[in-house]
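Novice: One line per chain: the protein sequences are A and B, in this order.
Letter 86 of the first sequence, counting from 1, is numbered 86 in the numbering used here, and no numbers are missing.
So the number in the numbering used here is just where the residue sits in the second sequence, counting from 1, plus 1000.
Please note that a few of the clues may not be correct.
Derived pair list, reagent style DMTMM-like, types lysine to aspartate or glutamate, alpha-carbon separation capped at 25 Å [said to hold, decoys possible]:
(1) A:106 - B:1099
(2) A:49 - A:20
(3) B:1024 - B:1062
(4) A:68 - B:1056
(5) A:106 - A:85
(6) A:106 - B:1086
(7) B:1068 - B:1044
(8) A:106 - A:20
(9) A:49 - B:1011
(10) A:61 - A:88
(11) A:61 - B:1099
(12) A:106 - A:88
(13) B:1078 - B:1062
(14) A:106 - A:8
(15) B:1024 - B:1011
(16) B:1024 - B:1044
(17) A:61 - A:20
(18) A:106 - B:1056
(19) A:106 - A:64
(20) A:68 - A:88
(21) A:49 - B:1056
(22) B:1068 - B:1086
(23) A:61 - A:15
(24) A:61 - A:8
(25) B:1024 - B:1086
(26) A:49 - B:1086
(27) A:106 - B:1018
(28) B:1068 - B:1057
(29) B:1068 - B:1099
(30) B:1068 - B:1018
(31) A:68 - B:1086
(32) B:1024 - B:1056
(33) A:106 - B:1044
Read the hints as simulated data drawn from the structure, not as lab findings.
Owing to the predicted nature of the structure, the values given are computational and were not obtained by experimental measurement.
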Amino acid sequence: AQSVTQPDIHITVSEGASLELRCNYSYGATPYLFWYVQSPGQGLQLLLKYFSGDTLVQGIKGFEAEFKRSQSSFNLRKPSVHWSDAAEYFCAVAPPQAGTALIFGKGTTLSVSS
Amino acid sequence: DAGVIQSPRHEVTEMGQEVTLRCKPISGHNSLFWYRQTMMRGLELLIYFNNNVPIDDSGMPEDRFSAKMPNASFSTLKIQPSEPRDSAVYFCASSSGGEQYFGPGTRLTVT
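Only chain A is shown next, with the shape it has when bound in the complex (with noise of 0.2 Å):
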């Protein structure tokens, strides 16, 4: 079955510092990859997406992912993190073509100290 482990449900990271969040997923084909954020109280917000091509994806926000496909993972990292990254972080998968569902993670809450 199609599945999305994000292992750390809570990471805390002090400002300035970099970042890496952890996603593997289980999917019989390269899927599209997805990493949404999410503020409390708010809807999800897409940082970056993955469909194919350059492994390593370029977001918003100054966040980057890189698709290892050996390893069935798809991080996300940023090299300094601010105070307003806290939120918390879902990584997603699909299977590739358009106008299909996701399969999210159970998300990773970020917090950052000063």
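For this one, chain A is given, so just place chain B on it according to the hints.
Specialist: Same frame as chain A, now just chain B:
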């Protein structure tokens, strides 16, 4: 563009009452999705439409839930009768390609 619009943003109702959630997708998007978010189950798909046609409703919990998309610019999710376990945040999302854009959600509380 206004993005995906959902109404109401908050709904408090008593058990047994009918609840209708509304969604206006982004203009030009041909796919619409309804998701539910709870602490216990996370984000889960309820139903989705392509070109106003329901494609997969396997996530709809039971017959108390129904969804319609009468045209390309409007969809409803109805719960009748509502139960306390339906309390959750319900999100609508729309898409014209691979990525989906989410509305702000409707927080439903059933007492």
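Novice: Evaluate each hint against the coordinates.
Specialist: Evaluated hints:
| no. | hint | result |
| --- | --- | --- |
| 1 | A:106 - B:1099 | holds, 19 Å |
| 2 | A:49 - A:20 | holds, 16 Å |
| 3 | B:1024 - B:1062 | holds, 24 Å |
| 4 | A:68 - B:1056 | violated, 30 Å |
| 5 | A:106 - A:85 | holds, 18 Å |
| 6 | A:106 - B:1086 | holds, 19 Å |
| 7 | B:1068 - B:1044 | holds, 18 Å |
| 8 | A:106 - A:20 | holds, 16 Å |
| 9 | A:49 - B:1011 | violated, 33 Å |
| 10 | A:61 - A:88 | holds, 15 Å |
| 11 | A:61 - B:1099 | holds, 18 Å |
| 12 | A:106 - A:88 | holds, 10 Å |
| 13 | B:1078 - B:1062 | holds, 12 Å |
| 14 | A:106 - A:8 | holds, 9 Å |
| 15 | B:1024 - B:1011 | holds, 17 Å |
| 16 | B:1024 - B:1044 | holds, 20 Å |
| 17 | A:61 - A:20 | holds, 14 Å |
| 18 | A:106 - B:1056 | holds, 22 Å |
| 19 | A:106 - A:64 | holds, 20 Å |
| 20 | A:68 - A:88 | holds, 23 Å |
| 21 | A:49 - B:1056 | holds, 23 Å |
| 22 | B:1068 - B:1086 | holds, 18 Å |
| 23 | A:61 - A:15 | holds, 15 Å |
| 24 | A:61 - A:8 | holds, 21 Å |
| 25 | B:1024 - B:1086 | holds, 22 Å |
| 26 | A:49 - B:1086 | violated, 31 Å |
| 27 | A:106 - B:1018 | violated, 30 Å |
| 28 | B:1068 - B:1057 | holds, 11 Å |
| 29 | B:1068 - B:1099 | holds, 22 Å |
| 30 | B:1068 - B:1018 | holds, 15 Å |
| 31 | A:68 - B:1086 | violated, 38 Å |
| 32 | B:1024 - B:1056 | holds, 19 Å |
| 33 | A:106 - B:1044 | holds, 10 Å |
Of the numbered hints stated above, those contradicted by the structure are hints 4, 9, 26, 27, 31, listed in ascending order.
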